[in-house]
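Number of protein chains: 2
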Amino acid sequence: MATAFVPSTTLRLRPYSTLRCLSFYPKNLTKPYPVFPPLIRRSPISPRRFFSSVISGALHSGERTKSELAEKQKGQMGSKVGEFRKKLKIVDVKGGPDEGLDRVGLMIVVAGWVRTLRAQSSVTFIEVNDGSCLSNMQCVMTSDAEGYDQVKSGLITTGASIWIQGNVVPSQGSKQKVELKVNKIVLVGKSDPSYPIQKKRVSREFLRTKAHLRPRTNTFGAVARVRNALAYATHKFFQENGFIWISSPIITASDCEGAGEQFCVTTLIPSSREAVESPVDAIPKTKDGLIDWSQDFFEKPAFLTVSGQLNAETYATALSDVYTFGPTFRAENSNTSRHLAEFWMIEPELAFADLKDDMACATAYLQYVVRYILDNCKEDMDFFNTWIEKGIIDRLSTVAERDFVQLSYTDAIELLIKAKKKFEFLVKWGCDLQSEHERYLTEEAFGGCPVIVSDYPKEIKAFYMRQNDDGRTVAAMDILGSLLVEAKEKKDLNIWKVDWMS
Amino acid sequence: MATAFVPSTTLRLRPYSTLRCLSFYPKNLTKPYPVFPPLIRRSPISPRRFFSSVISGALHSGERTKSELAEKQKGQMGSKVGEFRKKLKIVDVKGGPDEGLDRVGLMIVVAGWVRTLRAQSSVTFIEVNDGSCLSNMQCVMTSDAEGYDQVKSGLITTGASIWIQGNVVPSQGSKQKVELKVNKIVLVGKSDPSYPIQKKRVSREFLRTKAHLRPRTNTFGAVARVRNALAYATHKFFQENGFIWISSPIITASDCEGAGEQFCVTTLIPSSREAVESPVDAIPKTKDGLIDWSQDFFEKPAFLTVSGQLNAETYATALSDVYTFGPTFRAENSNTSRHLAEFWMIEPELAFADLKDDMACATAYLQYVVRYILDNCKEDMDFFNTWIEKGIIDRLSTVAERDFVQLSYTDAIELLIKAKKKFEFLVKWGCDLQSEHERYLTEEAFGGCPVIVSDYPKEIKAFYMRQNDDGRTVAAMDILGSLLVEAKEKKDLNIWKVDWMS
Chain A
20 MATAFVPSTT
30 LRLRPYSTLR
40 CLSFYPKNLT
50 KPYPVFPPLI
60 RRSPISPRRF
70 FSSVISGALH
80 SGERTKSELA
90 EKQKGQMGSK
100 VGEFRKKLKI
110 VDVKGGPDEG
120 LDRVGLMIVV
130 AGWVRTLRAQ
140 SSVTFIEVND
150 GSCLSNMQCV
160 MTSDAEGYDQ
170 VKSGLITTGA
180 SIWIQGNVVP
190 SQGSKQKVEL
200 KVNKIVLVGK
210 SDPSYPIQKK
220 RVSREFLRTK
230 AHLRPRTNTF
240 GAVARVRNAL
250 AYATHKFFQE
260 NGFIWISSPI
270 ITASDCEGAG
280 EQFCVTTLIP
290 SSREAVESPV
300 DAIPKTKDGL
310 IDWSQDFFEK
320 PAFLTVSGQL
330 NAETYATALS
340 DVYTFGPTFR
350 AENSNTSRHL
360 AEFWMIEPEL
370 AFADLKDDMA
380 CATAYLQYVV
390 RYILDNCKED
400 MDFFNTWIEK
410 GIIDRLSTVA
420 ERDFVQLSYT
430 DAIELLIKAK
440 KKFEFLVKWG
450 CDLQSEHERY
460 LTEEAFGGCP
470 VIVSDYPKEI
480 KAFYMRQNDD
490 GRTVAAMDIL
500 GSLLVEAKEK
510 KDLNIWKVDW
520 MS
Chain B
20 MATAFVPSTT
30 LRLRPYSTLR
40 CLSFYPKNLT
50 KPYPVFPPLI
60 RRSPISPRRF
70 FSSVISGALH
80 SGERTKSELA
90 EKQKGQMGSK
100 VGEFRKKLKI
110 VDVKGGPDEG
120 LDRVGLMIVV
130 AGWVRTLRAQ
140 SSVTFIEVND
150 GSCLSNMQCV
160 MTSDAEGYDQ
170 VKSGLITTGA
180 SIWIQGNVVP
190 SQGSKQKVEL
200 KVNKIVLVGK
210 SDPSYPIQKK
220 RVSREFLRTK
230 AHLRPRTNTF
240 GAVARVRNAL
250 AYATHKFFQE
260 NGFIWISSPI
270 ITASDCEGAG
280 EQFCVTTLIP
290 SSREAVESPV
300 DAIPKTKDGL
310 IDWSQDFFEK
320 PAFLTVSGQL
330 NAETYATALS
340 DVYTFGPTFR
350 AENSNTSRHL
360 AEFWMIEPEL
370 AFADLKDDMA
380 CATAYLQYVV
390 RYILDNCKED
400 MDFFNTWIEK
410 GIIDRLSTVA
420 ERDFVQLSYT
430 DAIELLIKAK
440 KKFEFLVKWG
450 CDLQSEHERY
460 LTEEAFGGCP
470 VIVSDYPKEI
480 KAFYMRQNDD
490 GRTVAAMDIL
500 GSLLVEAKEK
510 KDLNIWKVDW
520 MS
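Heads up: the protein sequence lines correspond to chains A and B, in order. According to this note's numbering, the residues represented by the first sequence are 20 to 521, in order. According to this note's numbering, the residues represented by the second sequence are 20 to 521, in order.
Looking at chain A on its own, in the form it has when it is part of the complex:
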């Protein structure tokens, strides 16, 4: 069975822009990322001196105010490598149950990027974000703070990377419990006046042209954090249940399940710099005019994998329960921006299990990861709920909390036929379930519970699915839920695609 890892669908951002952010490539590649923006180099102070003297020690970790790094061992060259410590981040301060009140009075260091800067008559407010959470740290500065001249002179602007040392104090504002009273501010990297991500909202279309700065926006930051949480929760779920992760090969000579067009991987075409200008005649050919694969890297045609399933199965029949989680590629012949050429797919394979185990595993996995992001990405999910997709938290909570219902295809058809409802598509045993049918089952027949329909007619499923005793159906299942049905209606990928092989 396989599940495509598509948080973009779950979160229901418009796929066009989010998929790019999720590092999936839609049909048209954008330009290469520009080289790392030279923010640091443009600092008027020598950036090197800067790092090595001005902020020495204090820069390393939020709560250390003097260097605790390795001391030189006496009488000998070389010294101990310093201890690695988790950095104190804004999420550690503001994300706790007390929202930072437990740290009032402490001196801490925050390093991040200026989101906004408001100079008032006596105080300056700087909103700093370090990407650890959606929230900024509000830093309040008076003219006696060290480094204030850089703020006054306009050197520190939106987008600049800064290092601030200050005291945690209760905030006067209603937006946050605590803020930082600045003792010292250091400009690490100056921001250009053309810095494109200002306070006003910018379109995701515009941000596509600023791909190197896009992760600094609320939306893209939140997507990255939620996606990270989903990926880690995926590993946690399977590892905690005794599954072994298998990295199936990406470059392969085999096709799997005939799953659509494959990308060819070759060295017969020169690498990037010359490819555009490369003549077809330069491709080696045999005397019969065929492509001469003996001169290719692999000495035969090779392709990007469309599924790790065959590999995973060989491991499942040796290690019992395994999963893959890696990129997969489909050269699907479609012109919409919703088709992904590249996506990360999860393919669990259970040994000594039947369709009921499969359904139980799929349900448990879905509930685990959904619960994980609701618990661990509250602020980001609230942001999505408010700005991107109203109601997403309620709908996800339904998935996480309610019992899933299982139902055979045959029973589902019977229910639909009995339903006092006029469907656009005729309901009849043997037909594929349409979105309107799936919607009826989940929303009306089972009052909002996600529904798993199993044992489909063999004619509408793939040839390799395990045939049931009745000779008419196969041991396959699909999970339906309002979230998933809507995704399907919008022709996004299925979130959880499950096959069952005997």
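None of these hints come from the bench; they were simulated from the model. If you're wondering where the values come from, they're calculated on a predicted model, not measured in any experiment. Warning: the hint list may mix true and false statements.
Given that identical chains are not distinguished, each listed pair holds provided it fits within a single copy or across any two copies.
The calculated lysine-lysine pairs, modelled on BS3-like cross-linking and capped at a C-alpha distance of 25 Å, are [stated by the list, open to error]: (1) Lys255 / Lys105; (2) Lys229 / Lys319; (3) Lys194 / Lys219; (4) Lys409 / Lys194.
Got chain A sorted already, so can you dock chain B onto it with the hints?
Frame of chain A; chain B shown alone:
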């Protein structure tokens, strides 16, 4: 900075065979995996009936002896999806501190594959492995056990997949603390008489031709488990330290660090079935005879990524600390079997950090993952220590336990010049350190401690490395250790390759 994830190097299996097992492709692709071996289908009993009646319920989980799956909700179609439970595996029984003695008297279920079967006059011993650990479960059977006829008739042989219910009893043998007294045995999948993995040792070269069964050997099973542990430990380490995982794009139009030849990804060459016979003339060309990229999937040349670093950097300058962990591809023009076309690489990027933080992070990561496998893969590591690479546990323990020493390149050169030792390669400021130099530093100068050498001459490092104040050196570092030096001598990949960009 970047680290290549190459447990094969650490474990020092011969790269030729292990790398394949690790799903890395060396230069020559082998044939596609044969289709899933039809073990189940060959069962003389109808496999379907079999699953649905003979073992119903008991098959689902080790400790459940009757079905606890969802009961049908009365008066309504559909029923609750069953609870997903972690299966009881052999590692859960034998891997605990009591090696299974805590479960004596309990009835459990084991499902796995027959490693060996010895019929004695009154009892039959079946060694069953389920891949959860290296150890088999010794199952002892007398003629009164249900299903004994299948054993007696020779139906159950090496390689067969079986399901056994029995009581945990103290073992008479010295090899294990407990064994299973069989009440009932069920043949799930018959093994063919030609099953190639019998008790005698077979070469890894031979196993390359049986790729679909290879994971059932001790070596490949152990590699898969250790590799899984290393991957999970990698995620755990970075997640626990506040890093965010980024999945950088695999298909890219950009080259990164000019890191050698790239593979071209294209749909201009037809997919697998037709590629071999494809004429060069079928590739679309412009009127000038150039490859007509406008007809390709991406409408421009596209390549497999050689590094996610540029992507990771854009996220690091927004989210602070990030890491990539995904496949990377190099079409290195080398004819040895040791060059990898495909490997999984870890690329951590730290914001607001300097070379000391970098060294501390690299050290902590290495120690964490090494400690993790020493703690969690004891049996597999013992196996490697005995059969594959003597001394590996001691050498890894050194890495995990001893303080790493840091040393500038300049100091290292001074030490080497002062050393009372004749080197083959001349030591002089500006030269690359050779293996003999690295070996001297770690083994003699610092008594076996891993050593990090930093601040190399700019001439011998990449152009993009951060220049130090002295104008002569750059903020780069390499970790040396006897383990790592040996890997380098054998021209395997570096385990931890670190770059530092300003």
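Okay, the hints, checked on the actual structure:
1. Taking the shortest alpha-carbon separations for Lys255 and Lys105, both the intra-copy value of 21 Å and the inter-copy value of 13 Å come in at or below 25 Å.
2. Proximity of Lys229 and Lys319 under a CA criterion of 25 Å is satisfied inter-copy only: 20 Å between copies versus 39 Å inside one chain copy.
3. Taking the shortest Cα distances, Lys194 and Lys219 sit within 25 Å of each other inside one copy (19 Å), while across copies they are farther apart (71 Å).
4. Taking the shortest alpha-carbon separations for Lys409 and Lys194, only the intra-copy value of 22 Å comes in at or below 25 Å, while the best inter-copy value is 61 Å.
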